Each structure stands twice: as C-alpha cells, then as structure tokens.
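According to mature numbering (1 follows the signal peptide of the UniProt record, and there is no 0), the residues represented by the sequence shown are -37 to -1, 1 to 454, in order.
By construction, these hints were calculated from the structure, which means they are not laboratory data.
What you are looking at is a predicted structure, and each value in this text was computed from that prediction instead of being measured.
In this text, a Cβ means the ideal position worked out from N, Cα and C, and glycines have one as well.
A hint or two may mislead.
Computed list of lysine-lysine pairs in DSBU-like fashion (alpha-carbon distance at most 35 Å, straight line) [to be verified]: (1) Lys(-15) / Lys193; (2) Lys187 / Lys259; (3) Lys417 / Lys44; (4) Lys44 / Lys1; (5) Lys108 / Lys(-2); (6) Lys(-15) / Lys25; (7) Lys(-26) / Lys259; (8) Lys(-15) / Lys(-26); (9) Lys417 / Lys193; (10) Lys193 / Lys376; (11) Lys376 / Lys37; (12) Lys259 / Lys31; (13) Lys417 / Lys380; (14) Lys(-26) / Lys193; (15) Lys37 / Lys417; (16) Lys380 / Lys(-15); (17) Lys(-2) / Lys44; (18) Lys1 / Lys187; (19) Lys(-15) / Lys44; (20) Lys1 / Lys442.
So the derived label-pair ranges between C-beta atoms look like this [what the hints assert, rightly or not]: (21) Leu(-24) / Glu420: 21 to 31 Å; (22) Ser30 / Ser371: 34 to 44 Å; (23) Glu28 / Ile370: 36 to 46 Å.
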Amino acid sequence: MSSFKHAIGMLKALLLRIPLILKTLFLHGVHMSPVKGKQDLRTELTVAVIRSFITFSKPLTKAQEDSKRDPGIKGPMWVSKITLPEPEFDVRDAILRAIEDLNTGHGTFDVPGIAAVEAEWTGYRSGVGKRTPQPDLSEAEKYAKLRMESPSDTTILYFHGGAYFLMDPCTHRVPVAHLSRLTGAPVLSVRYRLAPQNPFPAALVDALTAYLSLIHPPPGALHKAVPANKIILAGDSAGGNLSLVLLQALLTLQRASRSIRFHGKDVDVELPAGVATISPWCDISRSMPSIIRNAKFDYIDLPTGPSLDPEEIPFSPLPFPPDTLWPMSPPRVDMYANANMLLHPLVSPLAASADLWKDAPPVLISTGEEGLTDEDLILARRMHQAGVPVITEQFEGMPHCHGLIMISTPAGKRFFKGITEFCRDAVAGRVTPTGSLTYLGFKMQSTRNILLEKACETTDEEADARMRRSLEARLAAEKEMQRAWRERARL
C-alpha cells in the first residue's frame, strides 16, 4: 500500500510540473534556451524537473526520511544487507589523531561515539527483467549469488552522495549495480551516519570502520579478507568528499607510522589501490566561481541568503522549517560541521595543500559543467603538483552526477566507461598520469586535452582567498546566530 501511495504522489507531483515541462520544451524548440548548444532536450528536462523537486518546504526530519525511502530490490541486482560490528574506540581515536595532525587552527567538533555500520553488498544479477524481485534467500545466500556474478578480486567501497544529510545506499542501488556489472567487482555500499544529528567526523569514522572491515573481516563477516591494493574507494558528491578525506586520513596516519587496534588485533594503515570520485564536493563552503557561473546547467541551488558583495557566494543556513532536527542547539551555519572546521582538510579536501597529497594512489575526478567544477579541477591540479596519478574528466554542459542519473545517454555511457577503466587500471598498477584534463564535448562529438595548470582560471592563491573570505563570513554569521540563541534561552 505504501508503494502505491508513493506512486500516486509522484504522479501528482509530475502533473504539477506540466507547465515547467511545456516551457522547457518550447524554449528548447525555438532555440531560446539558456543552455542552448550544451544540453540536449533530455538533459535539459532532467535538470529542470530535478531542480523543481529540490525545495525546503518540509522540515528536515521529513526531508531526510523521504530521501532515504527504500524503493525495494528488483531487477538486475543482488543486494545482501550486512552490519559491520562496532570496533574498538581506537578507530575513532585514529580519526581524532588525524584531525589533530592536520589541524589548521582552533576548530571545534563533536567527538562521535563508535558504532556498528550498516552496509549493502551490491552486485549485478543477470538474466532477469527490470521488475523481477530478489528471491527470498538469506543474506549469506544472496552474497554467495552476488559473488558468483561478481568474480573480480577487486572490491569497490562506495559512499553515497546527499550533502552529508540526505540519501542512503538504497537510493544508489541502480548505478552501483551497473558499476558492478561493468567492473565485475562486488560493491560494498556504506550507510554512514548522517548530519546534522551526526556531524563531522562521524561519517569519516564509519568510513574507516568499513575500510578496515574489508581488509580485516570481523567475526561473522560474509567476505574474505580483501588486500588494500585490491580496494577502490568511490563516491559521488558528498560521498566523493568522504572518499577523498578518508584517503587524506589514511595518508596522515601512515606518515605517523600508526597502527590501529581493530577487533583485537593491531593492524597497519594501508592505502587503497585508487579513489574514483564523481562530482566530488571538495569545498564545503561552496566559494568557487563555478557555483554561480554554471548554475544554469545544474539542478543544485545556489547557497541561500543575502550577498553583500556580488563577487561573494551568498549563504545562510538551509531554510528548512524548524523541527527537532534543525536548527541545532546551539545553532550552526553549516549542516555538516561547525563553521570553524570548514577549512580543515578532512572537511574540505580543497583546503589541503598540495604536499598533503604526496604518495597518494591514483585518483579519478569526473565532473560536469556544474557548480562544483572549479573546486574539482583545482583539486586535480593540486594533486598533480604533488605527483599523484590523477585522471580528470569534464563533460560539457552536464549537471552534477550526470552519469548516475542518466546512465543510458551517450555522456552516461562514456562516464561509466571512464570509471570502469580507471578501477581496472588502478588495481593493475597501470594508471599513467597525463597532467591534463580530458574535456568531452556536447553529445560526445569532440574531445580535447587541456593541461591541468590551465583547466581552471582560478589560481591556488585565489581559491585559498575565496575560502578564507567565506570562512570569515560564516564565522561571523554563526557567532551572531549563537548570540541570538543565548538571548532567547535567557528569556
């Protein structure tokens, strides 16, 4: 009954968007669209409709619940649900040490508890239709079936997107299963703790727990030990951020020659074979020029609030109607972290200096012509400066995470081809750094190679200055919010 009600609700929502769809069709047909020559009709309609669904009309608790609604398991996929048992506090403490080692000031954060981590093994299931349900088997039996159809010795550890406060592994099953099909690798998709109720660094602690669990299976695990050099970290948007900051934490811990107590054993810190990111969110402050410049191609809203300077990115806390989840007490500007943490390298990977990426394994950064383009290209440039084998691809006119939402389009197929080749090459040790961006033109009709040093006009110095200005504005806003909150508390 609930799925029927959901289907009716979606139908009503689409009917309400008929005027928007007709307007988009008309403007595209008469060649007056603002994205003319860079988006075909399907892409333009997709962006317009998704953008219309991104609103702040519901309280955050309801929005979060809706974003995690399980669509069920059907079609060409195997899903085996597991829980990785709670490890020792050493895992949490390792992240706290990495935060301290990379400390850039006097940032504050809530020290999270340690917790069991839910996850889903996801793989391709052959020979079934799109609506075929998964058979009634135990989770162990489903995992065995999954492994039979995902024979690669590579494992992909996947972190979903959703701005750190929305979505779930269940929302990403279709593209994740497709990635498994193309790579032949099983995918472990992690249900990390969400903000604002679990702010930084709770998600990072869960990510490290999942990573160590692959290498050192805890008691009762369905999988055998996976060598670190057979693991690919992957993620989209906030999940791309989580992949990158997990790598940064591992690099930091490895430099300090620290081991971690994990389920009764002292284990060394090892690096993965590679990291594959999809439109990664690298600057939590969202202060780069592309946030505004590329808004017309993207469905992600601009930061909210007034702007005192047209060169600055406007901002304010996300305007969800108040409920028990948001705003927090005491209030903060950002959903994920205190304002004074936004330029920590384990919050915003763009804030990490080039030398902090030294000795990193190969990294793929795939982006569109979207709000996050500049931060992605600047990070790729910094990694290249540090000697990291970084593969960078940009798709003209494409919105945020386009490959995941438009799998069957020419751009979607090319995206999956790129990430599949990267995963295979990274594990085989054959990623060759080129020092250039592969720029894929409209409808995949052209390809250009652009030196990473020239791929983004914003210099490293300008990027750092923009992030600092954004930080200062957020610090001032958060201070004022907390002052008003204290005054109300005294009344």
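Verification of the hints:
no.	hint	result
1	Lys(-15) / Lys193	49 Å, violated
2	Lys187 / Lys259	47 Å, violated
3	Lys417 / Lys44	45 Å, violated
4	Lys44 / Lys1	40 Å, violated
5	Lys108 / Lys(-2)	46 Å, violated
6	Lys(-15) / Lys25	30 Å, holds
7	Lys(-26) / Lys259	26 Å, holds
8	Lys(-15) / Lys(-26)	18 Å, holds
9	Lys417 / Lys193	33 Å, holds
10	Lys193 / Lys376	24 Å, holds
11	Lys376 / Lys37	22 Å, holds
12	Lys259 / Lys31	27 Å, holds
13	Lys417 / Lys380	25 Å, holds
14	Lys(-26) / Lys193	46 Å, violated
15	Lys37 / Lys417	45 Å, violated
16	Lys380 / Lys(-15)	34 Å, holds
17	Lys(-2) / Lys44	44 Å, violated
18	Lys1 / Lys187	46 Å, violated
19	Lys(-15) / Lys44	43 Å, violated
20	Lys1 / Lys442	42 Å, violated
21	Leu(-24) / Glu420: 21 to 31 Å	39 Å, violated
22	Ser30 / Ser371: 34 to 44 Å	24 Å, violated
23	Glu28 / Ile370: 36 to 46 Å	26 Å, violated
In this structure, the earlier hints numbered 1, 2, 3, 4, 5, 14, 15, 17, 18, 19, 20, 21, 22 and 23 are contradicted, and the remaining ones agree with it.
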